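Peer 1: Under my numbering, read the sequence shown as residues 4 to 178, first letter to last.
Accuracy of the hints is not assured; some may be wrong.
[As the list claims (entries may be wrong)] Taking CB as the label site, the calculated pair distances span:
id, residue 1, residue 2, range
1, Ser128, Asp103, 31 to 37 Å
2, Ala19, Glu151, 26 to 32 Å
3, Val94, Ala30, 22 to 28 Å
4, Val72, Pro155, 25 to 31 Å
5, Ala113, Val72, 15 to 21 Å
Hints listed in this document are in silico derivations from the structure and should not be mistaken for laboratory results.
Since we're looking at a predicted model, the values are computed, not measured.
A virtual CB, placed ideally from N, CA and C, is assigned to each residue, including glycine.
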Amino acid sequence: MIAVVGHPDLTVPTLALLEEELRSRLADRARTGRAGLVRAGKGLPVVFGRAARKAGLALVTVLPTLSGVPAHVAEPDRKAAGELLLLSQMVRLVEYDPGDRASCISADEALVRSCARVLAVWDGSPSNGRDATAHLVAYARSHGVDVEVLWPRGAEHRAVPSAEARGTYGLTGRS
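Sequences and hints are given; from them, build the entire structure.
Peer 2: Okay, structure coming up:
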């Protein structure tokens, strides 16, 4: 299984750059029967899902549950979650509270541990109160998960996240 992690505030032009880059990298994994894993959310998760579909890679989308019942997906991520479900061959329900940062990061860590590889869309900056990308990269490496860092020429993210992007991002979106 291969997962993606990345900055929550990637610009629209950066997301466009990434879709083709991810598609080409995922095509090799599709030929070996691998699957992609993404936690439902807007931005990078949807780009990863689209790239996986174009590459012929099976996609697994993770949705939150609370006490065994599917949890409410917040408005900024609802449309994206719907698109990811349409792109997916499988849905994995994972117990975590999508409104609680620590719960999301714990879920991301468990998902990263279940993967053989993580594609990290990361500029090398440290984690902060909003962005857990560096933490998840370090976590994956410390658990023997292969990490491939992607930061295409011209990639950018906003220094101050917009209102809908506040929150931390991990495996697939909001954390």
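Peer 1: May I ask which of the numbered hints given earlier this structure violates, with the numbers listed in increasing order?
Peer 2: 1, 2, 4
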